[in-house]
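S.K.: As you go down the protein sequences, you meet chains A and B in turn. By numbering that gives the first Met the number 0, the letter at position 5 of the first sequence is numbered 4, and the numbering carries on one by one without gaps. By numbering that gives the first Met the number 0, the letter at position 664 of the second sequence is numbered 663, and the numbering carries on one by one without gaps.
Careful: at least some of the hints might be erroneous.
[Stated by the list, open to error] Chain B regions said to be covered by chain A (calculated; three or more residues, Cβ under 8 Å):
1. 610 to 624
2. 648 to 659
[Stated by the list, open to error] Derived SDA-like pairs: lysine to any residue, alpha-carbon spacing no greater than 25 Å straight-line:
3. B/K715 x B/D419
4. B/K546 x B/V416
5. B/K720 x A/D17
6. B/K85 x B/T111
7. B/K715 x B/A205
8. B/K720 x A/E87
9. B/K720 x A/D80
10. B/K85 x B/Y122
11. B/K720 x A/C89
12. B/K546 x B/R574
13. B/K85 x B/S36
14. B/K720 x B/L572
Since the hints were derived computationally from the structure, they do not count as laboratory data. A virtual CB, placed ideally from N, CA and C, is assigned to each residue, including glycine.
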Amino acid sequence: MIEIATSSTTTTLVVAGDLDLAERDQFPEIAARVVGLRRQLLVIDMCRVTFMDSTGAAFLISLADSGRKRGGATVLRGADDRDLFVLEVCGALDLFRIDTDHQCEQSDPTTGATPVQLPQRPRPA
Amino acid sequence: MGRMPGSYTGVVPVSAAQLASALSVTTVPAFITGSWSTGMPVLWVNQAFEELGGVGIDELAILGPHSLLALVQDDPNRAAAQADLKAGRAMRRIVSARRRDGGTTWLQVDVTPLPNGDDLPEYWVGVTTDVSEYVDQQAEQLASLEVERRQRADLDLIAQTTELLGDLEYPFALRDIADLLRSLVPWSGFYLNDDGLLFAEGVDVASPPSGRGRRHTRYVPEDRPLDRLEPVPSGADGGAPASNPAVDDVQDLLDGVVDGPVRLSLEGRFDPTSASGWLRRDLMHRVVEETGAVPHAVVVHAVAGRRRVLGLLVTWHGGAEADVQPGRPEPDHVSTVVEVVARRAGTAVDNARLYAREHRLAEALQRAMLPEQADVTGLDVWTYYAPNAEHAQVGGDWYDVLQIADGTVGLVIGDVVGHDVEAAAAMGQLRSVVRAYAYELTTPGTVLDRVDQLVAGMRVPRPASMVYAALEHLTEDDTWALEYTRAGHLPPLLLRDGTTQLLSEAGGMLVGFGNETRATGREVLRRGDVLIFYTDGLIERRDRSLKRGLETLTEMSGRITARDAAGVGEELLSRLADSPEDDVAIVVVRVPDPEADRRVTALSPRSRRWLLPSEPGSIGRARHAVLRTSQAWGLPDSAAAELVVSELVANGVLHGWGNIALRLFDTGDGLRIEVEDSNPAPPVATDGHPNRLGGFGMQIVERLADWGWRPSTSGKLVWAKLRPDLTGGAGQE
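All chains, please: the whole structure from these sequences, using the hints.
M.R.: Okay, here's the thing in structure tokens:
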């Protein structure tokens with residue numbers, strides 16, 4: 000599932016679940032909408048991405064590339080080591096600013112309860 | 000003949016007078032001239048020279064300085080020879096001269112200076128030799144060599160074209176062929192007619208073999224500056240020959256009315272919506288843009304498929320096209336090559352599109368018929384389906400795993416007699432019927448009653464057997480209530496604590512033949528219990544009876560030690576389905592036993608297999624399978640394995656055909672992943688097709704694993720063995 004949020008300067012893309020071939024059908028429309036918003040900064044939130052392969056990477060790359068062509072920047076936050084590895088193999092790490100400080104913790108918005116550590120996916124050793 | 004100044008009298012035993020007369024009567028044409036600075040006047044010629052040139056010394060004198068040149072018709076390297084003469088060096092050149100009878104003769108002329116101390120020579124003696132025969136021969140040889148070379152080049156071009164046409168999936172196949180042709184003509188290009196002409200760099204194999212329609216104006220781009228080149232209609236007639244707007248040669252070619260090639264004058268005036276008009280406009284832009292020259296006329300060949308003309312191959316022959324006549328439009332060999340290329344392209348495009356269409360159709364139908372496995376919560380389910388038919392991916396066996404409601408699961412296994420296309424079609428119908436009732440009514444006996452009623456009226460052409468079972472989760476004691484009914488099908492197995500029980504209650508006639516109310520058998524499943532549904536292909540062999548096969552199955556099952564459904568299935572297959580003679584379908588359902596599973600390490604073989612339909616959803620299932628298996632085998636680094644399997648299966652879904660078989664092995668030295676599909680073509684690496692999405696997939700695999708591929712019986716098998724030393728590979732920068 001991919002959600003788009005926007006402010007005057009920033010488009011934020013919150014991705015959840017798997018980012019692979021099975022999701023490819025929705026990529027063109029999302030890319031078109033992101034481009035149409037014409038914000039200088041695109042933030043891609045990967046905290047809740049469970050898996051990304053080269054197809055998903057190609058989608059992120061196309062977003063970052065069209066942003067760069069307009070002089071904008073793309074920030075990647077919450078990407079785990081494996082996601083970065085995939086982007087690196089695709090030769091695309093330079094297209095992104097990697098937000099390493101971002102903490103993938105979220106408070107439950109409905110109850111306002113204390114931040115809950117979401118189940119973390121296994122990371123490569 | 001006077002005395003020759005400068006001759007060496009007394010040096011030779013022949014007198015000077017004798018020498019002079021010898022020179023004058025020899026049959027070799029010879030002459031003597033003065034110095035270069037005085038214009039090399041001819042001072043003396045012998046008789047043979049007079050006969051050869053048809054002029055005497057007197058006539059030559061009249062011609063003034065350099066009079067010999069007047070005799071020369073053609074002199075291929077005059078400048079070099081003149082430099083020699085100026086410097087006083089001997090020179091030899093081959094010139095052509097008019098013969099007396101008006102013909103042309105090739106002469107080798109040797110001019111040698113008479114020694115004159117250190118000064119420039121004052122006299123030259125010249126000898127000419129008739130070398131016409133030699134020159135002609137050489138010219139012929141050169142000409143025949145040229146013809147040969149050209150033929151070889153043409154053949155080579157056609158061979159290269161054929162190679163390019165072999166892979167029409169490559170998006171620039173037609174552009175590359177046109178580029179090849181441009182070694183013969185200044186410009187060439189392909190157009191395809193898919194309800195309107197369009198310039199084509201490649202073939203969209205996804206579009207049907209068309210060639211129909213004439214809505215050429217669909218593809219008219221916005222006005223471009225070069226549209227000014229549109230000829231201005233002049234009041235007086237006498238315009239270009241093709242200026243009659245009613246004439247549309249190109250459309251005639253597309254319609255197959257004429258065979259072509261046709262010559263299209265670009266100075267003519269056409270209806271802008273006609274094929275000729277559209278093509279004229281498009282060509283003006285393209286040729287001007289790409290060559291900088293304004294074309295006047297082009298030659299258009301039909302790119303013909305089996306039934307109709309699919310497109311056009313347009314060639315522009317440069318400035319020489321003014322000479323091109325409609326009847327004989329271009330030099331022979333160019334015309335032949337272009338025609339051959341056009342014909343081959345037509346056949347290839349037609350084949351590629353027809354094949355793609357058939358393939359899409361077969362794939363879609365097969366996919367619609369293949370069994371599906373829903374992921375059901377709370378149960379470990381493994382399914383297997385192997386049609387035995389060599390050429391079809393579907394047979395008469397089927398299974399279904401249905402999540403009917405939260406905590407309710409339906410299981411179907413069935414077998415339509417035969418394993419041909421008709422059996423598959425009957426299976427498809429039955430499957431839908433069973434599904435429909437399964438969602439409505441949960442009690443298996445009732446479901447099968449209704450199926451009987453409906454099938455009796457449907458005239459399904461083949462008898463079929465099946466088992467339908469429903470599982471309901473009982474939360475109070477975490478057990479599953481099993482209800483089942485059988486229609487002429489072998490009894491499912493229940494494995495519990497090392498014992499095997501045949502669920503042989505609730506038997507009945509084949510589907511559609513039940514004239515009695517169907518019965519329902521009941522059982523309660525506990526943690527660790529395993530249910531096995533199967534079709535007779537698993538146990539049926541020609542060399543043993545079904546009863547004996549069932550005994551073998553029961554006995555085998557008692558020895559199964561695996562503690563996951565995939566492992567149970569693997570043990571079954573490795574011991575029973577060694578050489579299946581019929582379709583095989585198996586469903587294994589295991590109620591997980593979290594506590595015991597953690598304690599006990601199974602001794603079952605460390606290999607697993609899954610058969611997945613070729614659809615994007617299978618990629619996630621394959622990852623899930625790898626994850627589960629890695630956990631069951633206690634393998635580290637499932638993250639890299641997940642990535643590798645995802646890329647391999649995605650490739651199979653994108654480029655492969657038919658089902659995808661996934662196999663996992665624990666080599667003791669890292670996980671080995673095998674992905675098999677029915678497309679014999681090697682895996683797509685990142686070469687040559689840069690615009691294909693996901694071209695980095697194999698690079699990812701390469702970074703994490705050793706990999707390779709080999710042809711398999713029905714297609715190809717791509718394998719990857721994860722490098723154990725690269726466990727930290729993921730995430731390295």
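S.K.: Each hint should be assessed against the structure and marked as holding or not.
M.R.: Hint check results:
no.	hint	in the structure
1	610 to 624	holds (count 5)
2	648 to 659	holds (count 3)
3	B/K715 x B/D419	24 Å, holds
4	B/K546 x B/V416	19 Å, holds
5	B/K720 x A/D17	24 Å, holds
6	B/K85 x B/T111	12 Å, holds
7	B/K715 x B/A205	23 Å, holds
8	B/K720 x A/E87	21 Å, holds
9	B/K720 x A/D80	21 Å, holds
10	B/K85 x B/Y122	13 Å, holds
11	B/K720 x A/C89	21 Å, holds
12	B/K546 x B/R574	17 Å, holds
13	B/K85 x B/S36	8 Å, holds
14	B/K720 x B/L572	23 Å, holds
The earlier numbered hints are all upheld by this structure, with none contradicted.
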